[in-house]
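There are 2 protein chains.
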Amino acid sequence: MGMITVKITLKRNGDFMKILKTIPKEDGFHMPGEYEPHEGCIIIWPERADSWQYGAVAARKAFVKVASAIAMSEKVTVCASEAQYDTAREMLPEHIRVVEMSSNDSWARDYMPTFVINSKGQRRGIDWGFNAWGGLEDGLYFPWDKDNKMARKFCDMMDTDIYDARDFILEGGSIHTDGEGTVLVTENCLLSRGRNPHMTKEEIENKLKSYLGADKVIWLKYGIYNDETNEHVDNICAYVKPGHVVLAWTDNEDDPQYAMSKSCLDILEGETDARGRKITVHKLPLPSPVYITEEERDGLLHMDMEPTRQENERLAASYVNFYISNGAVVMPGFGDENDEKAKKILEELFPDRQVIQIYARDILIGGGNIHCITQQIPKAVK
Amino acid sequence: MGMITVKITLKRNGDFMKILKTIPKEDGFHMPGEYEPHEGCIIIWPERADSWQYGAVAARKAFVKVASAIAMSEKVTVCASEAQYDTAREMLPEHIRVVEMSSNDSWARDYMPTFVINSKGQRRGIDWGFNAWGGLEDGLYFPWDKDNKMARKFCDMMDTDIYDARDFILEGGSIHTDGEGTVLVTENCLLSRGRNPHMTKEEIENKLKSYLGADKVIWLKYGIYNDETNEHVDNICAYVKPGHVVLAWTDNEDDPQYAMSKSCLDILEGETDARGRKITVHKLPLPSPVYITEEERDGLLHMDMEPTRQENERLAASYVNFYISNGAVVMPGFGDENDEKAKKILEELFPDRQVIQIYARDILIGGGNIHCITQQIPKAVK
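Chains as they are written, first to last, in my numbering: chain G, 2 to 383; chain V, 2 to 383.
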């Protein structure tokens with residue numbers, strides 16, 4: 002047969018994922034705010050039994066509640082492994098899409114694409130490097146190869162071009178943006194020795210600006226106490242609209258969290274955003290400290306011959322870890338007396354959205370919360 | 002937290018897969034001819050080493066050639082398991098989409114959805130039951146559960162409604178249609194005891210008509226000699242346009258294939274189609290008999306303690322096993338003196354398409370050919 006002489010012109014121009022080596026900002030792309038219109042949301046089905054107690058049974062139910070709440074106002078896609086596909090498909094309502102996609106764990110925020118858009122309404126993904134929150138230095142599990150492939154797999158499935166930023170270790174939960182040029186991060190996470198130790202703070206800042214299409218990075222120092230992600234910003238501070246953030250807060254000065262939150266407050270109140278605005282900080286109370294029970298700990302598989310949680314370990318519970326969907330704010334509850342108070346505050350801050358609170362202890366035990374297990378796909382013409 | 006009061010209306014109406022219990026014909030849907038416009042094509046990446054010799058290395062190369070030839074004029078999606086994903090992604094050109102989807106083997110024709118359309122240009126899938134060409138009676142492997150889930154998984158991924166026809170065992174390769182009311186099948190396959198032995202021929206015919214939106218089923222008796230699918234029609238006879246078929250043919254009366262092809266010829270020439278037209282039969286010469294070599298057989302893993310091919314087994318080689326894409330006819334070649342002759346005939350029959358011949362011995366060894374490893378998605382508004 003030999004060579005084929007091609008008389009046909011390729012008709013599929015543009016309708017497939019191209020891997021881009023250019024810079025989003027230079028191409029006119031930026032990451033929009035989470036409160037801007039979404040096409041949908043990505044969630045990964047929980048499975049690994051050293052993350053999710055008792056075979057992830059309770060976690061699955063909590064994930065279904067979160068997915069269902071989001072699906073009330075936007076399209077939700079849940080990625081499940083071959084082994085879990087049937088269970089996911091049966092447990093999720095039919096209007097939620099389920100696709101087969103393998104992962105090492107279930108943190109869509111951290112390794113699904115960060116999406117950027119341009120003024121024409123085009124959309125592209127960013128494929129950051131992922132090393133399980135610190136790689137061999139202080140990462141949380143090994144290996145992480147399946148997680149690290151998901152952004153590209155997802156963009157391939159949706160025929161969306163993707164920026165190759167794999168040389169830079171970043172999780173989606175370690176950044177928040179107002180969509181108008183400002184990015185929030187924490188030093189404890191972004192300057193950790195397990196991520197990009199070869200880069201200076203300035204180089205990291207420039208990387209963020211050029212990939213997120215931003216003009217200013219505000220560096221908080223800390224996140225939530227004992228947060229195993231090296232203190233992701235999305236557990237302590239989130240934009241609710243341009244110029245306005247919520248900050249996880251406790252008035253108890255004996256709690257190690259107090260000094261951490263106070264430091265963030267001082268920085269935020271002393272800063273202006275990319276557009277020169279002062280930032281209004283809305284304190285969102287923390288629940289009373291949450292500790293893992295012996296029964297819960299007993300329900301977790303060991304990893305590398307070790308338990309994955311310490312005895313009586315304090316969990317990084319925070320109401321700030323919510324997801325903003327097109328029609329709702331889906332926030333965690335902990336059965337705490339502050340549940341209602343935090344909900345009321347978000348209701349006031351999001352007058353056009355319904356605030357849906359979901360009991361999320363079974364997500365928290367896995368090491369994150371509702372924002373961590375979701376990733377929005379901004380609306381776009383393509 | 003208790004019950005959530007929902008104030009938001011579900012916005013995702015229609016934009017997800019619904020499983021339909023109704024009948025396509027009654028809903029106004031029918032299966033179009035393969036020569037009608039396509040949205041694209043589905044292929045499954047070859048993997049199992051008891052089907053594909055020497056770890057499927059040569060098969061993968063042949064699949065890439067087929068996919069690339071089809072992708073010259075329509076979108077191709079290749080489904081690969083997690084284990085094979087990286088290899089598939091690297092070997093396939095970037096304009097071919099790769100999605101993770103597990104299977105037992107690589108016969109998209111037989112267990113990916115049969116798509117039907119209606120006069121409004123809407124598209125739906127059919128999810129037939131699949132039991133590996135005969136189940137526990139005379140099927141070719143066990144288990145077949147992953148194959149049998151693929152049609153539904155694919156429709157879920159593409160947000161396309163699907164008819165539930167799982168109570169009826171049918172492979173896509175066992176039917177051909179002119180898109181105008183006529184369906185071609187073989188008795189040896191559709192009446193085999195491993196498929197729907199509880200149904201009469203009349204019941205099977207009615208099932209086909211009601212699901213394919215057809216008015217007439219033409220029953221050939223035989224397919225290709227030693228075809229392990231119980232003689233699928235797509236290896237012996239295919240529509241090239243309404244009223245015209247190609248029929249695999251040999252003039253050698255000593256070949257057992259002669260009587261089989263002659264029987265088909267007689268039936269076809271004595272029949273009219275659903276619209277009352279006589280059927281013009283174009284003979285497509287067969288290659289000289291193809292036998293598996295000892296070296297090839299040696300490269301296959303055993304299954305259930307047995308070799309999967311007999312010594313010197315005759316393979317069911319046929320030029321009829323081609324795929325019609327939007328711009329081409331992608332046909333097999335065997336390094337046989339009839340390769341060129343068969344190609345010329347198809348070039349005459351398809352004046353508006355380029356005929357691309359691909360050396361396909363490495364696909365044939367797996368048990369099928371180009372038509373067997375592809376499934377078209379007809380063009381539709383949705």
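Mixed in with the good hints there might be a few duds.
Just so you know, same-sequence chains aren't split out, so a pair can sit in one copy or run between any two.
Unchecked claim - List time: in silico SDA-like cross-link candidates among lysine to any residue, alpha-carbon distance up to 25 Å:
hint, residue 1, residue 2
1, K217, L266
2, K62, I20
3, K210, G135
4, K22, E95
5, K279, E95
6, K121, E37
7, K19, K66
8, K22, E295
9, K26, E296
10, K380, M158
11, K19, D87
12, K344, E188
13, K342, G180
14, K202, E75
If you're looking for bench data, these hints aren't it; they were derived computationally from the structure.
Results of checking the hints against the structure:
Taking identical chains as interchangeable, the C-alpha atoms of K217 and L266 lie at most 25 Å apart only when both belong to the same chain, with a minimum of 18 Å there against 76 Å between chains. For the identical chains of this complex, K62 and I20 are inter-copy neighbours only, at 23 Å across copies versus 36 Å inside a copy, given an alpha-carbon limit of 25 Å. Proximity of K210 to G135 under the C-alpha cut-off of 25 Å is restricted to the intra-copy arrangement: shortest distance 22 Å within a copy versus 59 Å between copies. Proximity of K22 and E95 under a CA criterion of 25 Å is satisfied inter-copy only: 15 Å between copies versus 38 Å inside one chain copy.
In the homo-oligomer, the alpha carbons of K279 and E95 never lie at most 25 Å apart, since the shortest distance is 45 Å inside one protomer and 46 Å across protomers. When the C-alpha separation of K121 and E37 is checked against a cutoff of 25 Å, the pair qualifies only within one copy, where the shortest distance is 15 Å, while the shortest distance between copies is 34 Å. In this assembly of identical chains, K19 and K66 lie within 25 Å of each other by CA distance solely across copies; the values are 20 Å between and 35 Å within a copy. Proximity of K22 to E295 under the C-alpha cut-off of 25 Å is found in neither arrangement, the shortest distances being 49 Å within a copy and 48 Å between copies.
Taking identical chains as interchangeable, the C-alpha atoms of K26 and E296 are never at most 25 Å apart, the minima being 49 Å within one chain and 56 Å between chains. Taking identical chains as interchangeable, the C-alpha atoms of K380 and M158 lie at most 25 Å apart whether they share a chain (17 Å) or sit on different chains (19 Å). Taking the shortest alpha-carbon separations for K19 and D87, only the inter-copy value of 16 Å comes in at or below 25 Å, while the best intra-copy value is 31 Å. For a Cα distance limit of 25 Å, the shortest separation of K344 from E188 qualifies neither inside one copy, at 29 Å, nor across copies, at 66 Å.
In the homo-oligomer, the alpha carbons of K342 and G180 never lie at most 25 Å apart, since the shortest distance is 28 Å inside one protomer and 63 Å across protomers. Proximity of K202 to E75 under the C-alpha cut-off of 25 Å is found in neither arrangement, the shortest distances being 37 Å within a copy and 47 Å between copies.
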